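Listed here are the chains, written in short residue letters.
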Amino acid sequence: MVEISVTKKYGERTVLDVSGLRFERGRIYAVMGSNGSGKSTLAAILAGVIKGNGEIIYDVKKPVTGYMPQKSFAFDMSLTANMLLGRSLRERKEAKNKAMRLLEEFGLGEMRRKNAKKLSGGETEKLALARLMMDDCELLILDEPTAAMDVNAVERAEKTIMDYFERLRPAIVIVTHSPAQARRLADEVIFLDEGRVEEKGSAEEVLATPRSDKLRKFLSVNG
Amino acid sequence: MWSNVTAAFEKAFALMGEGNTLLNEIVATTMEMCVQSSLYAMIIGVPIGALVGVARFPGRRAVVLIMRTLMGLPAVAVGILVYLLFSGTGPFGKLGLMYSVELMVIAQVILITPVVAGFTETAVAPAYDAMRDTAAGMGLNKAKIALLAVNETKYQLVATYLFAFSRSIAEVGAVQIVGGNILHKTRVMTTAIALNYNMGQFSLALALGIILMLIVLGLNVVASALQAGLKKRNG
Ligand SMILES: Nc1ncnc2c1ncn2[C@@H]1O[C@H](COP(=O)(O)OP(=O)(O)O)[C@@H](O)[C@H]1O
Ligand SMILES: [Mg+2]
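Note that the protein sequences, when read in sequence, are chains A and B.
Count the first sequence with the working numbering and you get residues 1 to 223, in order.
Count the second sequence with the working numbering and you get residues 224 to 458, in order.
No wet-lab data here; the hints were simulated from the structure.
Please read these numbers as outputs of a predicted model, since none were measured by experiment.
One thing to keep in mind: the hints can contain errors.
Said to hold, decoys possible - Pairwise CB distance ranges (calculated):
| # | chain 1 | residue 1 | chain 2 | residue 2 | range |
| --- | --- | --- | --- | --- | --- |
| 1 | B | Gly295 | A | Ile57 | 49 to 59 Å |
| 2 | A | Thr14 | B | Ile303 | 37 to 47 Å |
| 3 | B | Leu293 | A | Glu104 | 46 to 56 Å |
To be verified - Here are the computed lysine to aspartate or glutamate pairs in the DMTMM-like style, where the Cα-Cα straight-line distance is at most 25 Å:
| # | chain 1 | residue 1 | chain 2 | residue 2 |
| --- | --- | --- | --- | --- |
| 4 | B | Lys454 | A | Asp76 |
| 5 | A | Lys9 | B | Asp352 |
| 6 | A | Lys117 | B | Glu255 |
Stated by the list, open to error - Some but not every residue of chain A turned toward chain B, in silico, with C-beta under 8 Å:
| # | residue |
| --- | --- |
| 7 | Ala44 |
| 8 | Val49 |
| 9 | Met68 |
| 10 | Leu132 |
| 11 | Asp163 |
| 12 | Phe165 |
A virtual CB, placed ideally from N, CA and C, is assigned to each residue, including glycine.
Please model the entire structure based on the sequences and the hints provided.
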């Protein structure tokens with residue numbers, strides 16, 4: 001559906017240099033790599049919020065894209081109002097039900113009238129993820145969406161992501177530090193090192209029998 | 224010296240207590256001017272500040288620099304400028320606005336709008352940086368993102384309004400020149416204070432200053448109660 005070939009430099013330093021990376025609908029991609037390897041940069045460029053040098057080619061047209069940055073953000077209003085941002089008045093009623101259901105799924109239903117600024121880090125992450133799922137996306141880009149969540153919350157969030165995936169069959173690109181999460185969710189793994197694709201392939205193979213030393217080391221450290 | 228100050232406090236409360244008609248008139252004119260000046264400055268300044276706060280274009284820093292420099296406009300200079308524009312022979316002389324409350328408002332709006340715009344930009348720019356990727360990632364359009372950035376700064380906007388009002392009520396240089404301190408017409412608290420000082424009536428001048436501060440205090444009490452209410456409602 002989309003193919004990306006870009007480089008990104010900050011000053012003299014190249015932080016991302018990838019070419020011919022493809023993402024297809026109906027697949028889930030885990031982007032992994034150590035801190036500073038360029039995961040967030042790749043996600044942001046794919047989402048179109050920062051520019052790189054190169055091109056992003058869409059097979060047909062630009063897909064409906066949802067993007068959750070690594071630092072999740074709560075808008076200064078109630079949780080429900082956060083969920084309804086960008087809804088037209090016409091769709092409000094239906095959207096409200098959907099918002100309620102999603103908040104429940106993330107265990108935020110009770111707090112829906114609270115100001116979202118009062119949420120904890122993990123709760124803010126849940127809200128950001130739930131909010132993104134208000135839209136039917138063809139490409140969903142999630143930058144460490146569960147990094148601040150506890151184990152139970154991660155399980156719930158992953159289930160919701162999978163339900164969303166089964167329902168809409170989008171391409172999902174999920175940045176994660178956790179090989180276990182990659183194993184649970186992803187069809188494919190892209191392992192970045194210093195901005196380059198060090199290894200990629202089907203999740204099963206790559207995670208079970210990594211070819212590169214760096215990936216082997218990463219997997220042994222990250223469990 | 225200290226007895227002068229105590230005398231001023233006594234005089235201030237006596238004046239307020241006795242329901243002095245001249246004082247009431249001056250306070251009313253002052254409020255008429257301040258409410259208009261501060262509101263118009265907000266209506267013009269907030270959109271300008273917000274726009275500069277969320278726009279990213281070459282030369283933006285120069286615009287911010289100019290805006291911040293205009294925040295330091297000397298009141299007397301604005302007064303002279305407006306005087307020249309609106310006096311009989313000036314380009315807007317035909318409007319006949321010289322020595323009117325309207326013209327005092329115009330001068331103050333010129334003076335205060337850059338401050339409002341500057342404060343707004345300073346608040347909105349970092350708020351925008353913090354939320355733009357999230358908002359863009361949700362597919363929101365630019366106008367909506369700009370409004371959301373302003374929404375993130377609503378408490379600072381309340382503070383900005385209070386500052387605009389305080390600047391207006393305490394300002395004397397511009398209103399003296401374009402208003403002329405005419406009794407029953409354009410006399411406001413600050414010009415009355417200046418007049419009494421010139422006539423050597425220090426304690427009366429100071430008493431008026433105290434009343435002015437009490438008005439500002441009252442406004443701040445109302446505003447912080449509103450803020451607390453807003454916070455509470457936002458749970
Ligand atoms: N705005 C920026 N200015 C300068 N350097 C940046 C900027 N954003 C990211 N970087 C650098 O680019 C590298 C890759 O960052 P990032 O993609 O966020 O890594 P990660 O894989 O941890 O998500 C890091 O070394 C980071 O310091
Ligand atoms: Mg990152």
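Against the structure, the hints come out as follows:
no. : hint                              : result
1   : Gly295(B) x Ile57(A): 49 to 59 Å  : 52 Å, holds
2   : Thr14(A) x Ile303(B): 37 to 47 Å  : 57 Å, violated
3   : Leu293(B) x Glu104(A): 46 to 56 Å : 51 Å, holds
4   : Lys454(B) x Asp76(A)              : 11 Å, holds
5   : Lys9(A) x Asp352(B)               : 20 Å, holds
6   : Lys117(A) x Glu255(B)             : 38 Å, violated
7   : Ala44                             : 7 Å, holds
8   : Val49                             : 5 Å, holds
9   : Met68                             : 6 Å, holds
10  : Leu132                            : 7 Å, holds
11  : Asp163                            : 20 Å, violated
12  : Phe165                            : 18 Å, violated
The structure is inconsistent with the numbered hints 2, 6, 11 and 12, although it conforms to all the rest.
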